[in-house]
Amino acid sequence: MAEQPLTEQDVLAQRKERIDWREAIEGYLFITPAVLIIAVFGLFPIAYAFYMSLHRWRVRKGPLVGLDNYEKAIGDWQGALIFVVGFILLYVAYRLWQSAFTEERTWMLLSKAGSALVVIAAWYAISFGWGRMLLEGDDRFLNALPITLYYSLGTVPVEIALGMILAYLLFQKIRGQEFFRMLYFLPYITPVVASAVVFRTIFSPRETSLANRFLQFIGLEPQKWLFESRPFLEVVFGLKLEGFWAGPSMALVSIILFGIWTYVGYNAVIFLAGLGAIPKDLYEVAEIDGAGQWQLFRHITLPLLSPVTFYLALVAFIGTFKAFNHIFVMRTPSALGTVDVASIVIFDTFYKANQYGYATAQAILLFLIILGLTMVQNRVLGERVFYG
Amino acid sequence: MAEQVQSMEQAVIRKSRAHRNGRIEWGRLLIYAILIAGAIAAVLPFYWMVATSLMTLGETIQKAWWPDVPQWHNYVEAWTEAKFSKYFLNSVLMTAATMAGILFTSTLAGYAFARMKFPGRNLIFGILLSTMMIPESVVMIPNFLIVRGDIFPLPFGPSWLNSLQGLSVPFMANAFSIFLLRQFFIQIPHELWDAARIDGAGHVRFLTQIVLPMSKAPLMTVALFSFIGSWNAFLWPLLVTTTDRWRPLMVGLWTFVTEAGPETHLLMAGAVITIIPILVLYFLTQKQFTEGIATSGLKG
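Line order of the protein sequences matches chains A and B. Once you know that position 171 of the first sequence is 171 in this note's numbering, the rest is easy, because the numbers rise by one and skip nothing. To convert, take the position in the second sequence, counting from 1, and add 388; that gives this note's numbering.
No lab work stands behind these hints: they were computed from the structure. Predicted, not measured: the structure shown is a model, and the values here were computed from it. It is possible that some hints are incorrect.
[Stated by the list, open to error] Below, computed lysine to any residue pairings styled on SDA-like, alpha-carbon distance capped at 25 Å:
id, chain 1, residue 1, chain 2, residue 2
1, B, K604, B, Q676
2, A, K322, B, F532
3, B, K675, A, Q172
4, A, K72, A, H55
5, A, K173, A, K322
6, A, K173, B, E413
7, A, K61, B, P543
8, B, K675, A, K72
9, A, K173, B, Q676
10, B, K675, A, G176
11, A, K173, B, V431
12, B, K604, A, P33
Working from the sequences, and respecting the hints, build out all of it.
In structure tokens, the structure reads:
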């Protein structure tokens, strides 16, 4: 019974063989330590978290309360439902808008007008649903959602754009490419708690802090950074907007800057690997056809890098929605909760308020939000990816 | 056809002329300027950390760039009085225990999933992989109750709070490491196994004497990842250490922020102490480090 490299037939043939129980028992013994640990600390807690979320549970288990914990977080179900429908409508509008570019002229106008109408309806549903949720729901938890979104939208596009630019420049046969790559990678490999502690002093309100030194250097007023709870737009441009459009606080912007600092180098390194995989002759042919630098970038580099971009965007987006450590370290009392993203609120509910059942309900809600966003991102961005 | 060739030649000539005229040289200068600006932005915070760690308390408030006289004894003070030596030792023990655990469990499981046949193998493997999706915040609270001994009785003591096992055991196995090793083990040629079996070796001997010596690279990657993961761990150690006894560096650094607010110079010295082991590891294993992370996407 000489065994050769496995092919499909071999696998099928082997499956039909009788089970060798001696080997099977040995196999079970081999996987036991890993399976035991993952089952106890990875699988069982998922089910138990759900069980906990259905109870009133303050340090010790209390009575079964059904879905009360969830309702406490999101206010009322109808509001939440309208809110979610709003986002589904946004997606429908996006689809309509896209179909506008493939059909004939009248249809194009119709679908553009239609998608504009749907956007208005979606916007109405979102703000109406959100208003209803805020009336009855947990303000701290609900406010954490736009804060998380600010953090996400503030870091992900910027860190990906900067990472791509640096990688593209590094790729131009630069002397000391390895050296630059090593330096850019440093922020990423540094333990995040340690670098966050350092940035706490860099973004301190003192006039001698590094951030304020930099502002003075380019001729601007010093800022209070992590200790400033007012919105960034108000502090810097004097713009006073209401609600969601007021934007992130200065403290959150400081944390966003830290997030960008941490991940740009990581993105650059991965983009660099992606650039190396693009065939050189494509560039040569295009150059001979007279394409300029920008055209080369726009029509060869960008589309061929899109799988990498997509991967990075997805991972970064999920990462920002789970972000905890550095935000926890960099938050200050003077920021007045304007940097409290969802995972921070969950931690406080659990650790400070000792509401275990409610905290697990919040964590499960956050998980559902992440799952939904991942699916949307997969569809919307995923179909723009060019796999060659 | 001839025209095309001619225009191609012209394009090449034009390009090399532009090169000679130095137009592209300006472009290159700009590229270097941007790259260097990026490098400064990446490194400046480290410089700031080291500079501040060598200042006196007064200088941390007034100065920004460099102390008059570097206060090297700040490190001694952080190491002894701020108890960073204790935290450091705790971190080393926690990391070593977790790393040993991960290597042990994932080698065995990776080998079994790659090379042994038993009913339910693929199902079990799939279920293990699915745990990679679940965010930490969902499982954190139940795990805290488990470790506190609330849900079922634990071996090695009624509660694992403030203990080495509480810090390390929950992380002694993960699907990612098993997956990584399985992918490697599955590629080992079958002829080797046949030969070993003819010599009378079983799975244990084949694994320890032939497979493991061949697998230094993937084992190294797993060890590196578990080192970073464990050394950088913060949220879980924060939950399960209520006293100094087993508090690792990251939590020690954080409690130092909250308890000794204004002593910035000692805090920065502590941060340097925390970062150094990772930096040493990075410079020693740079290639593997960068490529390992770039190909598998560690962290979020």
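So, going through the hints one by one against the coordinates:
1. K604(B) x Q676(B): holds (12 Å)
2. K322(A) x F532(B): Given that 25 Å is the threshold and the Cα spacing comes to 19 Å, the pair holds.
3. K675(B) x Q172(A): Holds, because 21 Å separates the two Cα atoms, which is no more than 25 Å.
4. K72(A) x H55(A): Cα-Cα ~13 Å, so holds.
5. K173(A) x K322(A): violated (37 Å)
6. K173(A) x E413(B): Since the Cα atoms of K173(A) and E413(B) sit roughly 13 Å apart, the hinted pair holds (cutoff 25 Å).
7. K61(A) x P543(B): holds (23 Å)
8. K675(B) x K72(A): Outside the cut-off at roughly 50 Å; violated.
9. K173(A) x Q676(B): holds (23 Å)
10. K675(B) x G176(A): Holds, at roughly 15 Å.
11. K173(A) x V431(B): Since the Cα atoms of K173(A) and V431(B) sit roughly 23 Å apart, the hinted pair holds (cutoff 25 Å).
12. K604(B) x P33(A): Holds. K604(B) to P33(A) sits at ~22 Å (cutoff 25 Å).
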